[in-house]
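Peer 1: In case you want the letters, here they are:
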Amino acid sequence: MRRSTADSVHATSRRSALRVLAAMMLAGGLAACGRQANVPTSSTPASSAPAPSAAVAAATTVPDLSGVWRLAAPVEKLQTTAGGAPPLLPAAQMEYEKHQQAAARGDRSWDPVTWCKPPGEPRTLLQDAWPFEIVQTGNRVEFLYQWNRLTRAIPLLPKQDTFVGPFYFGQSVGEWEGNTLVVDVVGVNGDTFLDPSGLPHTDDMHMTERFQLSADGQSLDLVLQIEDPATYSAPWQSRLRFVRQPAGSVREDDCEVRLHQEARYPVLPQRLYPK
Amino acid sequence: MGASMMRMSAGLICAGWLAVSVAQAQIAPLSDADKQAMQGNFGDIARGKTTERDSLLKSEAGQGTIAGQVPGDAGAKAGGPPPAPGRGPPGGGGPGARAGGPPPGPAGGIQYHQSDDPRDFSGPWSAMLITGTGELLDVPSKVRPGPQIISPYEATRLCSGPSGFLSNGFNVLQRPEQITLLLANDFVRVRRIAMNAQHPAAPEVTFAGDSVGHWEGNTLVVDTIAVKGAIARQRDPKSLMFNHLLMATPTLHVIERITKLNPSQLRIVSTYEDPAHGMKSYSMRVDYRFGAMDPELEEFCESVGDLFGPAYTQGVL
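If you're matching them up, the sequences are chains A and B in order. So the first sequence is numbered by our numbering: it starts at 1 and just counts up by one. So the second sequence is numbered by our numbering: it starts at 1 and just counts up by one.
Source of the hints: derived by calculation from the structure; they are not laboratory data. Treat the hints with caution; some may be incorrect.
[What the hints assert, rightly or not] To give a feel for the contact side, a few chain B residues facing chain A, derived at Cβ under 10 Å:
hint, residue
1, S122
2, N171
3, L173
4, Q174
5, E177
6, Q178
7, R192
8, A194
9, P200
10, E204
11, T206
[Stated by the list, open to error] Simulated DEER-style distance windows between Cβ atoms:
hint, chain 1, residue 1, chain 2, residue 2, range
12, A, G178, B, T251, 49 to 57 Å
13, A, K98, B, H253, 50 to 58 Å
14, B, E273, A, R258, 28 to 36 Å
15, A, N179, B, N196, 27 to 35 Å
Glycine included, every Cβ here is placed at the ideal spot set by N, Cα and C.
Build out the structure end to end from the sequences listed, making use of the hints.
Peer 2: Here it is in structure tokens:
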């Protein structure tokens, strides 16, 4: 959500920087352009046993969320736990409605996901109701989304007092409170939306996620709490449920290839890519 | 800028990216002239990255600290407002962080540790080949084209596939039933290695391929089939672009032998066999060292959309 002139200047600067970067790449190739490195995992203590790793052994005292999950039912718009609309402030409500009206006309040009930008959090959990895999080790919970092969790392650490970002998935740390994985998220890029309908937020949003595995291990409940005083008049909560899917059911998705196949991307000059 | 020029620029950006990833795959070592050209073109960026990486790798006792996680495209909003009150002192940095704060420091960052367990590969590994230690063991002198199994557009994503396996780094999530590699390239991104499993009878052909693994002593042997992508490329000295030397075919078979030489060094010897190319034992060896990879730009190709806005997506430029 763009909130101020300063932010607009910001975005302009960023685009300018990207243009410069693009021009530099045109000149001959960037030395190291690729996907950002992933968050380094934390320790895996030395182990004399060959396998499984000690990291896994350490995880046996808490629920193992590992596996493939998918929304129990598609969610286009997040609702509060009471079933109501999130308490948007007037300015945010106006922007939200503007997006809704555009979407109703088939215009989603306001939505960066339409050109494959990461949906952010928690929207990636909802996007297209596609499955995702959780890989849990003793010190980290990793979300491997099918959607464009995105990944999100949640290191299991005490709450950090260092603020960096914003990032598409924010800065997350997780801790176990009994059988509940509590994830503290800050610094989620305000250009993303909370859900496919376009619920806005700012960079300063504070989100708390509480994941709880069902007794039979077949469903995963998530209670989200959103605090963003610049967008919402009060903190609000939403509840989501995911159901376990067969192992190996996360497929490989390349957003750009997919859009191209759907004829939503222009055909790039093939002569640039020698066979 | 005219529409055609804009599209061409977008294509060239991705093409440049292709070239870069291939360079990292070290199919063909860069010449000194190439390196100088790249440094000349991208000196500022390269210096920034190098500084960040070095600071991580030089951290004490083999531990690294990184003060962020997946950054937004081109990170995030450099020059943004200071951190919100109540969030604590800004101590982090990195490319995704807001500019203006103190440089990255160990406080508040994510700590990770090396393991002495020779079968524990958990953690981040950076390709030492970037510094020129990659080695080609054997390259077939003559190959013949094999059948194409990907579409022309997919060919634009050919940093995937076996040559993309050897990216500039990866992070290992290790569990008994699956070893997951989070790759530092933007094409494959995730590889899943099913341990002590068999390939499915009819695996889906993907950029990552279908991988199964088992231990031979302390060496992890990974067997991969059903890959689409490029096996190797050649660099055109005139254009500095890469031509696809070999395309994966349905018969491509990749075997990677991954061994931890010591707590801070991992070696991967990859062998590619593809009867359709009449190719045997095309191999390469790459060493990785424990430590964070470059905190790099995320989703750059997708960020082409940011450059040109929704018009790019809608093809109306």
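Peer 1: Against this structure, judge whether each hint is valid.
Peer 2: Quick rundown of the hints versus the structure:
1. Annotation: S122(B) was flagged as interfacial toward chain A, and the flag holds, the nearest CB pair being 4 Å apart, inside 10 Å.
2. This hint holds: N171(B) has a C-beta 4 Å from the nearest C-beta of chain A, less than the 10 Å allowed.
3. Using the Cβ-Cβ criterion of 10 Å, the hint placing L173(B) at the interface with chain A is satisfied: the shortest such distance is roughly 5 Å.
4. Annotation: interface hint on Q174(B) holds; nearest CB of chain A at approximately 5 Å, less than 10 Å.
5. Nearest Cβ of chain A to the Cβ of E177(B): about 8 Å, under the 10 Å cut. The hint holds.
6. At about 7 Å, the closest approach between the beta carbon of Q178(B) and any beta carbon in chain A falls short of 10 Å, and the interface hint on this residue holds.
7. Evaluation of the R192(B) hint against chain A yields a held restraint, the C-beta minimum of about 8 Å falling below 10 Å.
8. Checking A194(B) against chain A: minimum C-beta separation of about 8 Å stays under 10 Å; hint holds.
9. Checking P200(B) against chain A by beta carbon gives a least distance of about 8 Å; that is within 10 Å, so the hint holds.
10. Of the supplied interface hints, the one on E204(B) holds, with its beta-carbon coming within about 7 Å of a beta-carbon of chain A, less than 10 Å.
11. Given hint, T206(B) at the interface with chain A, holds; its Cβ is 4 Å from that chain's nearest Cβ, closer than 10 Å.
12. For G178(A) and T251(B), the Cβ-Cβ distance of about 52 Å falls inside the hinted range of 49 to 57 Å, so the restraint holds.
13. Evaluation of the 50 to 58 Å hint for K98(A) and H253(B) yields a pass: the beta carbon distance comes to about 54 Å.
14. Between E273(B) and R258(A) the Cβ separation comes to about 31 Å, which falls inside the hinted range of 28 to 36 Å.
15. Remark: the range hint 27 to 35 Å for N179(A) to N196(B) is upheld by a beta-carbon distance near 30 Å.
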